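S.K.: In case you want the letters, here they are:
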Amino acid sequence: MSTEYEPVIGLEIHVQLKTRTKMFCGCELSFGEEPNTRTCPICLGLPGTLPVTNAQAVQYGIMMGLALGCEIAPRSIFHRKNYFYPDLAKGYQISQYDIPLCLGGRLGDVRIHRIHLEEDAAKLVHVGASGRIHGSEASVVDYNRGGTPLAEIVTEPDLRSAEQARDWLQLLRETLRQLGVSDVNMEEGSLRCDANVSIRPKGTHALGTKTELKNMNSFRYVMQGINAEIARQTALLESGESVTQETLHFDPVSGRISSLRSKEEAHDYRYFPEPDLVPIVPTPEMMAAAEAAIPELPADREARYESDFGIPTDTAHLFAYEPTWGTYFERVAVEGNRDAKAAAIWVTELRTRLGADADPHKSAVVPAQLAALAALVAAKKVTAGSARTVLDKMVETGDHPDRIAEAEGLTVMEDSGELSQIVAKVISENPDVVEKVRGGNAKAMGALVGPIMRETKGRADGGEVNRLLREQLGV
Amino acid sequence: MLSSDQVLHVARLARLELTPEEVERFGGELSKVLDHIELIGQLELEDVPPTSHVIDVENALRADEPRPSMPVERALESAPDAAEGGFRVPSPGAS
Amino acid sequence: MIELTAKQAADAIRSGDLDANEYFEFYRQRAASDPYNSYTWVAEKAPEIDTRKPFAGVPIAIKDLFCTEGIPSQAGSKILEDYRPPYTATSVDRLTTHAGGTLLGKTNQDEFAMGSSTENSAYGPTLNPWDTSRVPGGSSGGSAAVVAGATAPWSIGTDTGGSIRQPAALTGIVGLKPTYGAISRYGMIAFASSLDQAGPFTRDVTDSAMLLSAMVGADPCDQTSLGLPEPVRIPTANDLKGIRLGVPEELAGEGIEDGVLKAFNDTLELAKSLGATVETTHLPHAPHGLAAYYLIAPAECSSNLARYDGVRYGFRKSGASTLIDMYTQTREAGFGAEVKRRIMLGTYALSSGYYDAYYGRAQKVRTLISQDFKNAWDKFDFIVTPTAPGVAFELGSKTADPLAMYLNDFCTVPMSLAGIPAISIPNGLSEGLPVGFQIAGPAFSENRILDAALALEKAIGFDASKAYA
Ligand SMILES: [Zn+2]
Numbered sequence: 001m002s003t004e005y006e007p008v009i010g011l012e013i014h015v016q017l018k019t020r021t022k023m024f025c026g027c028e029l030s031f032g033e034e035p036n037t038r039t040c041p042i043c044l045g046l047p048g049t050l051p052v053t054n055a056q057a058v059q060y061g062i063m064m065g066l067a068l069g070c071e072i073a074p075r076s077i078f079h080r081k082n083y084f085y086p087d088l089a090k091g092y093q094i095s096q097y098d099i100p101l102c103l104g105g106r107l108g109d110v111r112i113h114r115i116h117l118e119e120d121a122a123k124l125v126h127v128g129a130s131g132r133i134h135g136s137e138a139s140v141v142d143y144n145r146g147g148t149p150l151a152e153i154v155t156e157p158d159l160r161s162a163e164q165a166r167d168w169l170q171l172l173r174e175t176l177r178q179l180g181v182s183d184v185n186m187e188e189g190s191l192r193c194d195a196n197v198s199i200r201p202k203g204t205h206a207l208g209t210k211t212e213l214k215n216m217n218s219f220r221y222v223m224q225g226i227n228a229e230i231a232r233q234t235a236l237l238e239s240g241e242s243v244t245q246e247t248l249h250f251d252p253v254s255g256r257i258s259s260l261r262s263k264e265e266a267h268d269y270r271y272f273p274e275p276d277l278v279p280i281v282p283t284p285e286m287m288a289a290a291e292a293a294i295p296e297l298p299a300d301r302e303a304r305y306e307s308d309f310g311i312p313t314d315t316a317h318l319f320a321y322e323p324t325w326g327t328y329f330e331r332v333a334v335e336g337n338r339d340a341k342a343a344a345i346w347v348t349e350l351r352t353r354l355g356a357d358a359d360p361h362k363s364a365v366v367p368a369q370l371a372a373l374a375a376l377v378a379a380k381k382v383t384a385g386s387a388r389t390v391l392d393k394m395v396e397t398g399d400h401p402d403r404i405a406e407a408e409g410l411t412v413m414e415d416s417g418e419l420s421q422i423v424a425k426v427i428s429e430n431p432d433v434v435e436k437v438r439g440g441n442a443k444a445m446g447a448l449v450g451p452i453m454r455e456t457k458g459r460a461d462g463g464e465v466n467r468l469l470r471e472q473l474g475v
Numbered sequence: 001m002l003s004s005d006q007v008l009h010v011a012r013l014a015r016l017e018l019t020p021e022e023v024e025r026f027g028g029e030l031s032k033v034l035d036h037i038e039l040i041g042q043l044e045l046e047d048v049p050p051t052s053h054v055i056d057v058e059n060a061l062r063a064d065e066p067r068p069s070m071p072v073e074r075a076l077e078s079a080p081d082a083a084e085g086g087f088r089v090p091s092p093g094a095s
Numbered sequence: 001m002i003e004l005t006a007k008q009a010a011d012a013i014r015s016g017d018l019d020a021n022e023y024f025e026f027y028r029q030r031a032a033s034d035p036y037n038s039y040t041w042v043a044e045k046a047p048e049i050d051t052r053k054p055f056a057g058v059p060i061a062i063k064d065l066f067c068t069e070g071i072p073s074q075a076g077s078k079i080l081e082d083y084r085p086p087y088t089a090t091s092v093d094r095l096t097t098h099a100g101g102t103l104l105g106k107t108n109q110d111e112f113a114m115g116s117s118t119e120n121s122a123y124g125p126t127l128n129p130w131d132t133s134r135v136p137g138g139s140s141g142g143s144a145a146v147v148a149g150a151t152a153p154w155s156i157g158t159d160t161g162g163s164i165r166q167p168a169a170l171t172g173i174v175g176l177k178p179t180y181g182a183i184s185r186y187g188m189i190a191f192a193s194s195l196d197q198a199g200p201f202t203r204d205v206t207d208s209a210m211l212l213s214a215m216v217g218a219d220p221c222d223q224t225s226l227g228l229p230e231p232v233r234i235p236t237a238n239d240l241k242g243i244r245l246g247v248p249e250e251l252a253g254e255g256i257e258d259g260v261l262k263a264f265n266d267t268l269e270l271a272k273s274l275g276a277t278v279e280t281t282h283l284p285h286a287p288h289g290l291a292a293y294y295l296i297a298p299a300e301c302s303s304n305l306a307r308y309d310g311v312r313y314g315f316r317k318s319g320a321s322t323l324i325d326m327y328t329q330t331r332e333a334g335f336g337a338e339v340k341r342r343i344m345l346g347t348y349a350l351s352s353g354y355y356d357a358y359y360g361r362a363q364k365v366r367t368l369i370s371q372d373f374k375n376a377w378d379k380f381d382f383i384v385t386p387t388a389p390g391v392a393f394e395l396g397s398k399t400a401d402p403l404a405m406y407l408n409d410f411c412t413v414p415m416s417l418a419g420i421p422a423i424s425i426p427n428g429l430s431e432g433l434p435v436g437f438q439i440a441g442p443a444f445s446e447n448r449i450l451d452a453a454l455a456l457e458k459a460i461g462f463d464a465s466k467a468y469a
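Protein chains in written order, with the UniProt record's numbering: chain A, 1 to 475; chain B, 1 to 95; chain C, 1 to 469.
There may be inaccurate statements among the hints.
[As the list claims (entries may be wrong)] To be clear about the criterion: a stretch of chain B counts as covered by chain C if any three or more of its residues have a C-beta under 8 Å from a C-beta of chain C, and this derived list gives those stretches:
# : segment
1 : 23-34
2 : 40-53
3 : 56-63
4 : 75-85
FYI, nobody ran anything at the bench for these hints, they're computed from the structure. Owing to the predicted nature of the structure, the values given are computational and were not obtained by experimental measurement. For every residue, glycine included, the Cβ atom is placed at its ideal position computed from N, Cα and C.
Start from the sequences and build out the full structure, keeping to the hints where you can.
M.R.: Take a look at the structure:
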């Protein structure tokens, strides 16, 4: 029997921070402006210029650390990472190295190794052959993105499958989005994910040789890429070969993995402490400000919905990860004297109608009216089925549910004489069913409920229908 | 003594294209300087903390307030090869 | 006009006794016909002069590596040939826009401030006005020569391991390296960021205080700038009563030329007669300063000079068809030998496997040297040494031996590593050439240093006019 392998996966996530200005200069962040219109002497690396750290980027870094349960370093410093590339204006990237801003931490099942701050590189656009030198290829550098603040989150190798990696990344994205520190858009590059992948025989503990899979720009590609790499490594080991430590690129179109190893010598970044910047020593004021800026995060919100509102786990989860709906739900629950379970049901109904991405606060249905609808159902004045019709109308018109139910004749029949007659009529029309019921098959009675509801246009209370049926059938 | 391979490796890291004469000269000169520098190898430095800044300043952060960027013409005015609103370079990887 | 110190000229302009434009034009013409190759650029005419400002109309020469908007700022390098920055350095802006000084010219220097003779300039060597067969010291040799040769009333330079103090000593003028952080580095083309500091070159100590007073101050564009805790005062001291001078055996004995040492010891006697106590002491780690310096400075420069890659500004070697060829050919052709030597040294010191043995150890030596000085301040107000181990040397005499050249910084490097202020004042002649006397004090002790320097200056009575008369 062949060996079964277990993947071991860690992620490195680059998050573009949502500051107004760049990490070390006052240029505004660029969102698709014309090339090189968001630059200054500092981010172009002109001679004599010096970086000055953006306070908001530091605050965002601390907020991320606090939200992910990290230890905030009492003193962290910047290093220079030296290498030549045209997207690097100074010939080095200012990053953090052995003393990062945040250490340790956890999100869900995955431990966080560290979070550090750094600056983004510029963009290099290939422009084809330049006219000047025969046959040579040229690129053009656009420094608009150069110097955008980044936080790099490094996890421990705690993930065991590509699907788990994707799900965890989604949890991280939602957490960061709700923190408000980033747009976290993978397609636009404000969230970028690299994966460190290795495999080992199931049941063993030593880590295998890992490879680094670069820049997969969607959740789907993260999963596909990791799966492809797991398959590649498994095939290598099964054929008796070994995995080489290297940096790889996943091509989502072909599904192929290729080596990114350049013709250059192995990188030697010659890190050393950045002499132009002083240490970050978070003061009590900085810590308090970061703490105050942290909103409630999904995991906490989910727990609160379950414990304080007593709603089912899956609904609590839904509202925690869609905080607009969560907030709306809370308002409906409060308006409805905290009959939270009913509120949850009707908010979910409304969400089905408006779509998950819609903002219910902007819809025609105000929380008080949705609470009133739930109250109508609870008081048995409208059946659940009719209430759905009422809700359709509420979405359309914004009218009060009481008025809609009245106007559309959707209130429960209060005259039991009328209902009694309909029950008798249905019984007389279905002698075969009646025979089965009388023969001892009580369940068959259900076949009579449908026609009764149809006759009453859903206005009959289910309990009352059952009572009348039993009475008239004598069971 | 620095070997010529070491000199060439360092030159490549530093993106310097040394002539064969320079490789030989730098090898000798750097070795001589390094011999002098290696005197600090004799010092007992185990418990000594390193100094990367002589001044006692922390944070000195900048408020996240935008300042005007330069017009693209200004950004490109000193560029050796400006093209298409950017700084043109031979493509990395082109040979 | 030539006899006036900058302060005397400024006073005369404000009182109306001297015409600002006439004064500027006098120096402009001297600068334009400067015989020592001290200038890399000279103003064509005076800018608008606002006589209400303290330095109104007083011309000032600026070391080439200070960025000046629209004016060549080449740091003595071919790789920045005719580079005109889009902004002006904070310190220069303070002197001109705020204090009213008029920019007279940019001065020659060793390429990227790497050197002790100003022979490493892509724009030719600067000559010593005392003897044109000799170097003016470096790296701020141009800024020293313009003051010594009276082609400018005063100037500014930068000091990384002695680049203000040593050329001041070799040309018989006053050069002050302030506390690291006193003056903003924003706009100073960097050599070694943790050591670089701007400072004044002047004919006398009073001018030095005046020029310094306008340069200091914290700058939001430089996180490492602090300014000074109190304003710079114009010094007034006549004696050294109660002042305790420490003479470190390690920096004032072996390796110092006899004539320099004799001048130094004579001045110690003079100091005693002015009321000072003089005592021999030790800075046990100072002899390791050079080694630490020649690791830290090259390491930082190897990174600081990585931006000169032919992409955004400056020189690019044409004809390269690959990126790597463009980089290596541009840097090979754009940098001079000394710059390449230091980039190589620094790259090696930072490279994988060598960091701990070289850069890491050097940073620890830096700690020990700082500690030596801190210990000294328990017993002494100042540490005094000869500024340079010898007098100005012949052009070309040390270019073939980098280590011999580096030994010029022997007495000045420890203060740079510790980030403390030090001044060099003229201390007579040896073999007919100027000699410097260095006074170093604790961080932020500039006012006290200037007072002590003034008292000694009066007692020494050096005549600087010989160089330009
Ligand atoms: Zn910028």
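S.K.: Against this structure, judge whether each hint is valid.
M.R.: Hint by hint, here is what the structure shows:
no.	hint	verdict
1	23-34	holds (count 6)
2	40-53	holds (count 10)
3	56-63	holds (count 3)
4	75-85	holds (count 5)
Checked against the numbered hints above, the structure breaks none of them.
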